[in-house]
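Chemist: Residue 0 is where the sequence shown starts when you use numbering that gives the first Met the number 0, and the numbers rise one by one after that.
Just so you know, the hints here were simulated from the structure itself, not pulled from any lab data.
There may be inaccurate statements among the hints.
[Said to hold, decoys possible] Here are the computed distance ranges between Cβ atoms for each label pair:
| # | residue 1 | residue 2 | range |
| --- | --- | --- | --- |
| 1 | D56 | M31 | 36 to 46 Å |
| 2 | E108 | E33 | 13 to 23 Å |
| 3 | G47 | R141 | 25 to 35 Å |
| 4 | D98 | G47 | 14 to 24 Å |
| 5 | D138 | E29 | 39 to 49 Å |
Note that this is a predicted model, so its numbers are computed, not measured.
All C-beta atoms, glycine included, are put in the ideal place defined by N, C-alpha and C.
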Amino acid sequence: MRLPRSFRWNPGRRWPLRRVSLTVNAVEHEAMVEPRQLLVYFLREQLGLTGTNVGCDTSTCGACTILLNGKSVKSCTVLAVQAEGTEVTTIEALAQDGDLHPLQQAFHETHALQCGYCTPGMIMAALDLITNNEDMDEDEIRTGLEGNLCRCTGYHNIVKAIQQASSEMRSFATK
0 MRLPRSFRWN PGRRWPLRRV SLTVNAVEHE AMVEPRQLLV YFLREQLGLT GTNVGCDTST
60 CGACTILLNG KSVKSCTVLA VQAEGTEVTT IEALAQDGDL HPLQQAFHET HALQCGYCTP
120 GMIMAALDLI TNNEDMDEDE IRTGLEGNLC RCTGYHNIVK AIQQASSEMR SFATK
């Protein structure tokens, strides 16, 4: 059985646009997108939020990790239309009034980055880890970061940064 002509692969085909409404970094956005457009490309190309990196497009590296309704998600696995009505947080939302977020500061202080390509995704995954877990040991942090790859650092300083930031964020929350 052959598919109707309208369903056959056509690399030059223009898809009908769909309206999507979502909140990104506490700002409501409404835009027209192709139904097949990935959320990572919507963030980068339509909203200009280039802090979210594209590494693999296959959910392997974690460079595109964001928070979707407070949970870490690889934005290369989510279509922009699937994010309808959600709240998205990207790396750009963390620093406030010129002050680094405790996670960003800890990554800087512990030298938890070299090339920096994985860093935004690593920080967003770590934020979800810290928010949803108390007193994590090194093994728990390493397990929690399994979906985020770093080809430069060997993870030692990344784990150290997350432990430092977690401690600071917990002590700040109790004040």
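Chemist: Assuming the hint says 14 to 24 Å, is it satisfied by the Cβ distance from D98 to G47 or not?
Modeler: 22 Å, holds
Chemist: At the C-beta level, are E108 and E33 separated by a distance inside 13 to 23 Å?
Modeler: 42 Å, violated
Chemist: Taking 36 to 46 Å as the stated bounds, is the beta-carbon spacing between D56 and M31 within them?
Modeler: With a Cβ separation near 22 Å, D56 and M31 fall outside 36 to 46 Å, so the hint is violated.
Chemist: Honestly, do G47 and R141 meet the 25 to 35 Å range at C-beta?
Modeler: 34 Å Cβ-Cβ, so the 25 to 35 Å window holds.
Chemist: Honestly, do D138 and E29 meet the 39 to 49 Å range at C-beta?
Modeler: The hint (39 to 49 Å, Cβ to Cβ) holds, given that D138 and E29 are roughly 43 Å apart.
Hints 1, 2 from the list above are not met by this structure, while the remaining hints are.
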